[in-house]
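Student: Sequence:
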Amino acid sequence: MKGIINTRYSLWIIAGVFAFTIFAQCVLFHYLIYKEILLSSLWHSPIDFFRFYLPAATMAVFFSSFVFLFKNKWWTVVVSLIFDVWIFANLWYFRANSVLVDRYAINMLGNLNGYWDSILALIRPSDFVFLALTTLLFVTILIFRKRIHYQSTKLFGVFMSLAIFLGFSNGWILVKKANGDKSYLNPFRLYEDIFVSTSYYYVNDHSIYHYFFYTIRELLIPRETTYLLTEEDTEKAQKFINDTIITKPSPKTTLILCIVESLNSFVITKEFMPNLYEFIESNHNILFVPNIRSQAKAGNSGDGQMTIQTGLLPVKQGAACMRFSDNKYPALSSLYNQSAGIFPGDLIVWNQYLMSPAYGIDTNISYCTDDVLLSQKAIEISNKYDNIMVLTSGMHIPCSLYANKSSINLPDSIPTLLSNYIKSANYTDMGLKFITDGISEDNNLANFTVVITADHALPTDDNFSNLYNYSHLIPLIIYSLGIKQKTIITDTCYQMDIYPTILHLIGCEDYYWKGFGVNLLDSTARHNRPITPEEAYDLSDKVIRADYFRQIQCNDFSKK
Numbered sequence: 001m002k003g004i005i006n007t008r009y010s011l012w013i014i015a016g017v018f019a020f021t022i023f024a025q026c027v028l029f030h031y032l033i034y035k036e037i038l039l040s041s042l043w044h045s046p047i048d049f050f051r052f053y054l055p056a057a058t059m060a061v062f063f064s065s066f067v068f069l070f071k072n073k074w075w076t077v078v079v080s081l082i083f084d085v086w087i088f089a090n091l092w093y094f095r096a097n098s099v100l101v102d103r104y105a106i107n108m109l110g111n112l113n114g115y116w117d118s119i120l121a122l123i124r125p126s127d128f129v130f131l132a133l134t135t136l137l138f139v140t141i142l143i144f145r146k147r148i149h150y151q152s153t154k155l156f157g158v159f160m161s162l163a164i165f166l167g168f169s170n171g172w173i174l175v176k177k178a179n180g181d182k183s184y185l186n187p188f189r190l191y192e193d194i195f196v197s198t199s200y201y202y203v204n205d206h207s208i209y210h211y212f213f214y215t216i217r218e219l220l221i222p223r224e225t226t227y228l229l230t231e232e233d234t235e236k237a238q239k240f241i242n243d244t245i246i247t248k249p250s251p252k253t254t255l256i257l258c259i260v261e262s263l264n265s266f267v268i269t270k271e272f273m274p275n276l277y278e279f280i281e282s283n284h285n286i287l288f289v290p291n292i293r294s295q296a297k298a299g300n301s302g303d304g305q306m307t308i309q310t311g312l313l314p315v316k317q318g319a320a321c322m323r324f325s326d327n328k329y330p331a332l333s334s335l336y337n338q339s340a341g342i343f344p345g346d347l348i349v350w351n352q353y354l355m356s357p358a359y360g361i362d363t364n365i366s367y368c369t370d371d372v373l374l375s376q377k378a379i380e381i382s383n384k385y386d387n388i389m390v391l392t393s394g395m396h397i398p399c400s401l402y403a404n405k406s407s408i409n410l411p412d413s414i415p416t417l418l419s420n421y422i423k424s425a426n427y428t429d430m431g432l433k434f435i436t437d438g439i440s441e442d443n444n445l446a447n448f449t450v451v452i453t454a455d456h457a458l459p460t461d462d463n464f465s466n467l468y469n470y471s472h473l474i475p476l477i478i479y480s481l482g483i484k485q486k487t488i489i490t491d492t493c494y495q496m497d498i499y500p501t502i503l504h505l506i507g508c509e510d511y512y513w514k515g516f517g518v519n520l521l522d523s524t525a526r527h528n529r530p531i532t533p534e535e536a537y538d539l540s541d542k543v544i545r546a547d548y549f550r551q552i553q554c555n556d557f558s559k560k
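Residue 560 is where the sequence shown ends in the numbering used here, and the numbering goes up by one at each step.
Don't read these hints as lab results, they were simulated from the structure. Predicted, not measured: the structure shown is a model, and the values here were computed from it. Be aware that a few hints might be false.
Distance windows between CB atoms, simulated [to be verified]:
no.	residue 1	residue 2	range
1	Glu278	Glu36	45 to 51 Å
2	Pro530	Glu380	47 to 53 Å
3	Gln376	Ala446	16 to 22 Å
4	Trp12	Tyr468	52 to 58 Å
5	Glu380	Thr524	37 to 43 Å
6	Gly345	Thr269	27 to 33 Å
7	Val129	Tyr277	41 to 47 Å
8	Pro530	Leu220	38 to 44 Å
9	Phe128	Asn337	51 to 57 Å
10	Thr226	Tyr468	41 to 47 Å
11	Arg124	Thr226	37 to 43 Å
12	Val129	Gln376	46 to 52 Å
13	Leu220	Glu278	53 to 59 Å
By construction, the Cβ of each residue, glycine as well, lies at the ideal position given by its N, Cα and C atoms.
Using the sequences plus the hints, can you model the full thing?
Tutor: Next up, the structure:
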């Protein structure tokens, strides 16, 4: 009798630990992403508690039921490890981009070429709890695997668990119905329209396990993502079109656009970036906006560049620069006869070799990762091109490549990532000095319009919030003779405002595409925006997916 009890207990212990592992993985991931646990709802609002935990519970029961079917139990550890990898990928990607991994992110793995060390900066000690759960499962199987007596009647457990899974799932749907939620999601509909339920909300309503199978399906059977604008969409888009223009405007000044990797506003101080700080302080023809909200999403650097060049916002899923590089884009560089781009490394990163021509850049210069040399190169070719775009990379997380070239001394108590970031900003500042000094020393450069801004901010980290007035905002610094007196705007503005502001300063406000933002030098426009950022995201997504600028007549005025 004792032996029979032991064999029964062994089988159920393994199944129970496996179920606990899956359930805990789902709940812990949900907590790390959404900061919700809802334990008190058990007695305050049982329906919410039931709805919150049911997706994870059903997945746990469903997977653990197969323990009764297969003699070898080591497959459970393999499954747990696979989902550990899936969870880590989503956690780290979310910390970097504020979105979850989707099929587009998987297809962009090439962007990590040369930047794999950036993942290290995204790892937290709490992440290893998932490996601890898998280790617990491994030890359980190691202890109990030889004490199991297999009987065909154990298949009953599979059918019983499936029945529980179906019952719980339908119960969850009924709960959502009873709660007045008309947009409930059936957990079996793993193919929910991605534009109705984005990955963030899909996982919130289901579980990270559900989302795994959803993403596999998307990889195997990708759906068409193009879009036909409705009449309502077209009317909204046309509000941002100058439809009376018959020729392409000619810029009045040469434009140097320097897009600094991950430049947050808080480092522009006399201590950290003395050259840029002094440049802002000592020049009268300066616009300085320290409180710009980055609007890059999964596209990160690539789509941050797109927003600055075109005034458009990223698509809802994936990166526009990867998915829609064949589109026709209105862009600052397309206004110029001779445009050059100076890039830090492989042009395959962010699809730069295709996006540069899409922006009207004639010459790609794949140079180096050293920000000082990149800035020197910009000055070197400034007499050959009337438009130069420079991208830097020295401040790319983990910000360790050039940190040792900085002479700044920081307290040992400062987190390593933040310390390296500040030191890297200091080194990048040494490079920017070639550009800022050139304005005061070179008569030709003094007549240029020079823009210094960021592609996106350093990923948010709560550990930094109380250090050095850390903020998650990016700066905009523009030098132009069109700015008659130093202007510092402390309002919270948006990345989409950079494009129309530059258009104004280079004398091309009558370009056919106005952009979704506003000219920041126009205080009335800043406080009376024609569209909210949320509405702009939605309309921009549709405009890009429809390749709208290829369709409209005004596109004839953009650079071929």
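Student: Now tell me if each hint is right for this structure.
Tutor: Evaluation of the provided hints:
| no. | hint | in the structure |
| --- | --- | --- |
| 1 | Glu278 x Glu36: 45 to 51 Å | 46 Å, holds |
| 2 | Pro530 x Glu380: 47 to 53 Å | 41 Å, violated |
| 3 | Gln376 x Ala446: 16 to 22 Å | 18 Å, holds |
| 4 | Trp12 x Tyr468: 52 to 58 Å | 55 Å, holds |
| 5 | Glu380 x Thr524: 37 to 43 Å | 41 Å, holds |
| 6 | Gly345 x Thr269: 27 to 33 Å | 29 Å, holds |
| 7 | Val129 x Tyr277: 41 to 47 Å | 43 Å, holds |
| 8 | Pro530 x Leu220: 38 to 44 Å | 42 Å, holds |
| 9 | Phe128 x Asn337: 51 to 57 Å | 56 Å, holds |
| 10 | Thr226 x Tyr468: 41 to 47 Å | 45 Å, holds |
| 11 | Arg124 x Thr226: 37 to 43 Å | 38 Å, holds |
| 12 | Val129 x Gln376: 46 to 52 Å | 47 Å, holds |
| 13 | Leu220 x Glu278: 53 to 59 Å | 56 Å, holds |
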